[in-house]
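Visitor: The residues making up each chain are set out below.
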Amino acid sequence: MITGFILRALEGKIVVAVGILLAVAIIVPALNLLTPPDSALHIPTYAMALMGKYLCYALLALALDLVWGYCGILSLGHGAFFALGGYAMGMYLMRQIGSRGVYGNPDLPDFMVFLNWKELPWFWYGFDMFPFAMAMVLIVPGLLAFVFGWFAFRSRVNGVYLSIITQAMTYALMLAFFRNDMGFGGNNGLTDFKDILGFQVQAGGTRAVLFAMSAIMLALCLIVASAITRSKFGKVLVGVRDAESRVRFLGFRVENIKLFTFVVSAMFAGIAGALFVPQVGIINPGEFAPANSIEVVVWTAVGGRGTLIGPIIGAILVNAGKSYFTGAFPEFWLFALGGLFIAVTLFLPKGIVGTIQHGWNARKALKAAADAEKGRDAGALPAAQQAQAAE
Amino acid sequence: MNTIAETRAKSLLYLEDVSVSFDGFKAINSLSLVVEPGELRAIIGPNGAGKTTMMDIITGKTRPDTGKVIFEEMIDLTKKDEADIAQLGIGRKFQKPTVFESHTVWDNLELALNRSRGVFATLFYTLTAEDKARIEEILTTIRLTHRKDEYAANLSHGQKQWLEIGMLLAQEPKLLLVDEPVAGMTDAETAETAVLLREIAKTRSVVVVEHDMGFVRDLGVKVTCLAEGSVLAEGSIDFVSSDPKVIENYLGR
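Which chain is which? The protein sequence lines are A and B, in order. Quick note: to get my numbering, add 1009 to the position in the first sequence (first position is 1). Quick note: to get my numbering, add 74 to the position in the second sequence (first position is 1).
These are computed hints drawn from the structure, not numbers from a lab. All residues carry an ideal CB built from backbone N, CA and C; glycine is no exception. Check before you lean on any hint, since a few could be wrong.
Said to hold, decoys possible - Partial list, derived from the structure: chain A residues whose beta carbon lies under 7 Å from chain B:
#	residue
1	1241
2	1244
3	1247
4	1331
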């Protein structure tokens, strides 16, 4: 049963993408660590960190594609799940600092000492343990998505209304996390990390492993997403997107279908956030900013929603563009982003991958029709034949 | 005359004194209707007579303000939602053909099959030989075997209507509600649809809402005429169409 589920995931394009990701997971760290800095093949550490960041963004875009591209839920608050996963990781990293903080308090992170707190708040318990923190990376975003989705989907909040409340959710969380007395470092967030699992966060080897983990987790999540979308459940999901009432009148519980997908997607986003934080070295409430979540929508739309691979490509391309633009013409980046979104909506509504796929299918159909006309290979081309018969 | 209890006991679907109003407008006004097991029933009536609202009530989309809606003698449909009611065995065809356009004809039918519909059951579902045979059987019934691998979006209007009927068959309902199945069909398609519906009605109850009087005559079944939310007349097509109230309210216009 499970093997069938996973095997179904491994369709051609997905296998290629997973292969590329795994190759990247090995080659990039190897070129960073094993080649001398003056070699032509050397990948500098800053570049690897940047690429690691892109991979985390790609995973976030993949998460959004699952709910938006396949289920039609346009979430404008996916940054919240990403940030929550990031905070869970950040809390673990804060606890690893121990007495090496500025104030040298072995029990409390610096910001708590600064706020004159005497003991660790209850919700920080357990975050000194890596497995617990990793479980929280999944559970906290998943639980928020579950509670949020439970109410939203049960009361049949749809379309733009749902988008607005997801946006409100991330905005509310941002305001909450900005407050010092929330106990998450307020404005400054969590930073000054030292160790992860006993390894120095800043060390070259640790960075290489974090980069490799980002690529591997992205590959794993891609396989899971592909398995979900290619199962019968995935077909129901597309049904919900295209004709929700039909699905309902066929006897499916649409609210459960949406809830499951939303929770899985939120967990993907949480994983992305958790991998992001040790690579950039900080998590602060700015990650909850509504604009971040909207950017994710742009990446997904540019790459091609409902294609799984598209959002990964979109996230990497747009962010690479952003890195270049903010360096070369810092004042134009936001215009470029806005222009890109408009251009994609107008000229490439299916996104890059969607358009390529569409063009490919059209060409195949055209070729099949031409072949059928010549009377060649008639048996192998039922679709074209029928098209002719119907005429 | 049967007593009310006897009528209800014999019925598959039993509506008694059902009313619903939207913003003060009485869409359904103390409507009573009985559908027996294995019956094919046609419902006619002018626009705004409450035909679609009645279907909304039966399928759980709209809750009636008052009245009873009973399925199979004892199940109170007013307490259930769309998914429950569909699982109980009431299928519904919409006025506008509603199929999953980005799925193939085959996948449309596979999704509609009356199998476990839970999240995990569908995640780990694999097509069994039995399900495959069932889908092929339905494809033959709805005359779409030759187009099974095509996207539903590429079907003609009439074929989409049939596909939707096929999806309802796959659902194995005890009662099928069909809203204007021949709207926009050619004459040949209309005639074939009448044959198809009569075939389907051999094994289950079917309620057809239709404007096309020729089609209703073709079906040759008991007709209920609705107007302003309640039953105006009921009986054979000749009986109903000669009723002066029906002529005044519907046919005469």
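Visitor: Of all the hints numbered above, which does this structure not satisfy? Sort the numbers upward.
Guide: Result: hint 4 breaks, nothing else.
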